[in-house]
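Undergrad: Take a look at the letters that make up each chain.
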Amino acid sequence: MIETPAQLAELRASARKILLNGRPKALVGMATCGLATGALRVHEALLAASERRDSSLLVCETGCNGACFLEPLVDVVLPGQARITYANVTPEDAEELVASALEGTVYAKRALARSNAEFFLIEDFSSPYGNADLAPEVEKVPLYSQVPFFRDQMHLAMRNCGLIDPASLDEYIAKGGYAAASKALTEMAPEEIIAAIKRSGLRGRGGGGFPTGRKWETCRKAHGEPRYVICNADEGDPGAYMDRAIIEGDPHSIIEGMIIGSYAIGARQGFVYVRQEYPLAVKRIRKALAQAEECGLLGRNIFGSGHDFTIRVNRGAGAFVCGESTALMASLEGRVGEPRAKYIHTVESGLWGKPSCLNNVETWNNVPVIIARGADWFAGIGTEGSKGTKVFSLVGKVNRVGLIEVPMGVSLRKVVEEIGGGIPDGRQFKAIQTGGPSGGCIPAQYLDTPVDFESLTALGSMMGSGGMIVMDDRTCMVDVARYFLGFLKEESCGKCVPCREGTARMLDILTDICEGRGRTGDIELLHDLAEGITDGSLCALGTSAPNPVLTTLKYFESEYRAHVEEHRCPAKVCRALIRYRIDPEKCTGCSLCAAGCPKKVIAGERKKTYTIDQSGCIKCGLCLDACRFDAVVVE
Amino acid sequence: MAVTPENCRDTVIAEVLERYPREASSMIAVLQDLQEELRYLPREVLDRVAVTLGTPRTQVYHVATFYKAFSLKPRGKHTISICRGTACHVKGVEKIADMLRALLEVEEGETTGDGLFTVQSVRCLGCCSLAPAIMIDREVYGQVTPARLGKIVKQYRKESAND
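Protein sequence lines correspond, in order, to chains A and B.
Quick note: the first sequence uses the numbering used here, first residue 1008, plus one each step.
Quick note: the second sequence uses the numbering used here, first residue 991, plus one each step.
Simulated from the structure, these hints should not be mistaken for lab results.
Remember, predicted model here, so these are calculated numbers, not experimental data.
C-beta atoms are modelled at their ideal positions from N, C-alpha and C, and glycine is treated no differently.
Some hints could be false.
Negatives, chain A to chain B, calculated, CB over 12 Å [stated by the list, open to error]:
1. L1018
2. L1027
3. G1137
4. R1380
5. S1400
6. V1408
7. G1429
8. G1433
9. D1515
10. D1535
11. L1560
12. K1615
Straight-line Cα separation of at most 25 Å, DSS-like style, residue types lysine-lysine; simulated pairs [claimed, not checked]:
13. A/K1349 / A/K1593
14. A/K1032 / A/K1147
15. A/K1606 / B/K1058
16. B/K1148 / A/K1502
17. B/K1141 / A/K1496
18. A/K1496 / B/K1058
From the structure, some residues in chain A lie toward chain B, with a derived Cβ separation under 7 Å [claimed, not checked]:
19. A1043
20. I1129
21. G1215
22. F1217
23. E1284
24. G1325
25. A1337
26. G1341
27. V1343
28. G1381
29. A1382
30. W1384
31. I1476
32. M1478
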């Protein structure tokens, strides 16, 4: 049981000894991204290899450090020397990896980066893995600060992801976990906490960017009992997955943030609303809650402060609109997730008509850092209007895909070119999509824009929850707009007519344009509809639904015109406007294309040439991918 | 009493209804568990949920048809979810969907004749670094290629034949 700050400090000291206990240790990244690339088999192989040697090597699980493109990742702690990160590890590597770990040396084939010390962000100190001279092989491995993907990153929200076992409360505490909650509940008045959050400049990380401290203050002052705090883990924006990674890699950080928030606001009940499409995240947060309850970090009289607080987990049931605060609360009440007008804010009248404070996963997770390190320290990071760091999911047509956490204000160019390593296959950068379906596509001429709330909004896009999808010259911007409208039409809850019908009509027009039936006047009609939808919808899903169309029209109008006026898709994506042909000069008759054709419309004789029967071709492009001789041509 | 599929199902339903407080706010959780146990929500089950939780039947039906997680028609043994997130779209998940349609001979939202697979689209699996991605039940498959998809489907068919 942890009933006092002193007991927490005692446990921290003993848990830290175990964390840094001097035994070699292998940590396997086992978040969803790791598991999908075979981390489980790597974990098993490492365990087996370690057992065969009857060794002292500890094999543990951990979350994802963001370098998803290098999964499966394994970190090996070499006592007295360093922590080495290995990338793309396979079960076949297990023997040599274990052998090298036990010998205190490096398995060079997979070594990616090293760190010389375990860093404790919450207390701002580091504990070197050793002070002996490094073995020459170890020294050859570049430091994290020398690896381009990590060099410009700053992990606050992801402080524990990929470093601790998410199923271990002790490891979280060893890293300084719950120290901020202990300080807040026993040394600070609720008003002081709110003042600190306000001074830190923290703004909501889920999309709106509303100042967190102000939200808390209004909720605290609102009339009505009981009050509720809610964690929005219904990460719906396509292309964003930092909330999943944080819950899977560091679930206690959210609980701690919510404990501090509940005390500041005066709430005794909290809810975590998490997507059911994230089964591992659901499992991890449930386990963490059970651990916290068991040792008294949740429940009655937390840290002897007199504050009572419990948290319940609710699973989302597959509705994008439930990421909107009023819809989410309706869903928590067991109803359909339809938003309501927010003349009365949810902080005053939310869940069951009571004052309710809803924040996103990453927002809650930042709270302990602010309390522990101080508001001024946090406010020193970032830009004038956007403080701290932000986690982005850098995905799409970029070499290094994964989660990155950078101080607010770095340029898009740095993100794409330096951290992301540019565009694969030597293709051209075309646009970066930020802000999810409510955001927009930013073209190459604005790559030097700093990434913060104001700058992205000024370009017609937004920060949103932090998705960044890179697009190259083979991406059709009209098709992208059509994709988002299709998504939004599907996810419109149907309450407001302009959103329900308007998105459907915009989708019709865009589909016509993509299929070669575009008419003069369509582009103007899209503008008209956009205005109507924005003016006539209640929630942010509706008011921002036209954004994907508006920003692509703004920056890529010529591409729309090519579709409408010339019935041509410059990126060669829109199926009705292209056709696949096999160049007889280049075809070697290997038959790979015919074997892979789902419609079986490619015929020919082996070692002679093959042809595509255009009448049955669905233009999926699988033949193009299958051909090794560049004989399949798109025109 | 003999153990028949009917009274076995009855026990499952009763068990699920016991797991949560008998109030309207439990509805989504109850329906989620029932969906998982029964693979769909038959009409008489919806009626029973309404009576147990003390809510109008219309409200249960409203919830059961609003959320994508629920199905009023029987679903296959395995649900294949095709990710429709932006990263997957940009990385060509449509090709994977084409291939899946050809392999299983079903459209999205439908169940294969042998009752083995139901194919559906989901908005984003949150595995954007692994695009294009699909999920079968709770298992995520990343960087899916047509060839790999064929192997995965074959594996499930084989396992099912051995059952």
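Undergrad: State for each hint whether it applies.
TA: For each hint, the structure was consulted:
Every Cβ of chain B is farther than 12 Å from the Cβ of A/L1018; the closest lies at roughly 33 Å, confirming the non-interface assignment. For A/L1027, the non-interface assignment is confirmed: its Cβ lies about 31 Å from the closest Cβ of chain B, beyond the 12 Å cut-off. Chain B leaves A/G1137 outside its interface by the beta-carbon criterion, the shortest separation being 33 Å against a cut-off of 12 Å. For A/R1380, the condition that its CB be more than 12 Å from all CB atoms of chain B holds, with the nearest at approximately 29 Å.
A beta-carbon of chain B comes within 12 Å of the beta-carbon of A/S1400; the shortest separation is about 5 Å. A Cβ of chain B approaches the Cβ of A/V1408 within 12 Å, the least distance being about 4 Å, so the stated non-interface status is violated. The non-interface label for A/G1429 is consistent with chain B: the shortest C-beta to C-beta separation is roughly 16 Å, beyond 12 Å. Non-interface status of A/G1433 relative to chain B is upheld: no Cβ of that chain comes within 12 Å, the nearest being about 17 Å off.
Against the 12 Å criterion, A/D1515 stays outside the reach of chain B, whose nearest CB is about 19 Å from its own CB. Look at A/D1535: its CB is around 26 Å from the nearest CB on chain B, clear of 12 Å, so calling it non-interface holds up. No Cβ of chain B comes within 12 Å of the Cβ of A/L1560; the nearest lies about 18 Å off, and the non-interface call holds. With 12 Å as the threshold on Cβ separation, the claim that A/K1615 sits away from chain B holds: the shortest Cβ distance comes to roughly 24 Å.
This hinted pair does not check out: A/K1349 and A/K1593 have alpha carbons roughly 63 Å apart, beyond 25 Å. Proposed proximity of A/K1032 and A/K1147 is supported: the alpha carbons are some 20 Å apart, at most 25 Å. For the hint linking A/K1606 to B/K1058, the alpha-carbon distance of about 30 Å lies beyond 25 Å, and the restraint is violated. Among the hinted pairs, B/K1148 with A/K1502 is inconsistent with the structure: their alpha-carbon atoms are about 45 Å apart, more than 25 Å.
Proposed proximity of B/K1141 and A/K1496 is contradicted: the alpha carbons are some 34 Å apart, above 25 Å. Between A/K1496 and B/K1058 the CA atoms are separated by roughly 14 Å; this keeps the pair inside 25 Å, and the hint holds. Against a cut-off of 7 Å between C-beta atoms, the interface hint on A/A1043 holds, since the closest Cβ of chain B lies about 4 Å away. A least Cβ separation of about 27 Å between A/I1129 and chain B goes past the 7 Å threshold, and the interface hint is therefore violated.
A hinted interface residue such as A/G1215 counts as satisfied when its beta carbon comes closer than 7 Å to some beta carbon of chain B; here the least separation is about 19 Å, so the hint is violated. The interface hint given for A/F1217 is violated, since its Cβ lies 23 Å from the closest Cβ of chain B, which is over the 7 Å cut-off. With a least beta-carbon distance of about 6 Å to chain B, the hint placing A/E1284 at the interface is held under the 7 Å criterion. Checking A/G1325 against chain B by beta carbon gives a least distance of about 3 Å; that is within 7 Å, so the hint holds.
Using the Cβ-Cβ criterion of 7 Å, the hint placing A/A1337 at the interface with chain B is not satisfied: the shortest such distance is roughly 10 Å. Satisfaction of the interface hint for A/G1341 is found here, the shortest Cβ-Cβ separation to chain B being roughly 4 Å, below the 7 Å cut-off. With a cut of 7 Å, the hint placing A/V1343 at the interface with chain B holds, because the nearest CB-to-CB distance is about 4 Å. Below 7 Å, beta-carbon pairs count as interface contacts, and A/G1381 has none with chain B, the closest being about 33 Å; its hint is therefore violated.
Interface restraint check for A/A1382: the shortest CB-CB distance to chain B comes to about 31 Å, outside 7 Å, so the restraint is violated. Among the interface hints, the one on A/W1384 is violated; its C-beta lies about 31 Å from the nearest C-beta in chain B, farther than the 7 Å criterion. Taken as an interface hint, A/I1476 checks out: its beta carbon lies about 5 Å from the nearest beta carbon of chain B, inside 7 Å. About 6 Å separates the beta-carbon of A/M1478 from the nearest beta-carbon of chain B, less than 7 Å, and the hint is met.
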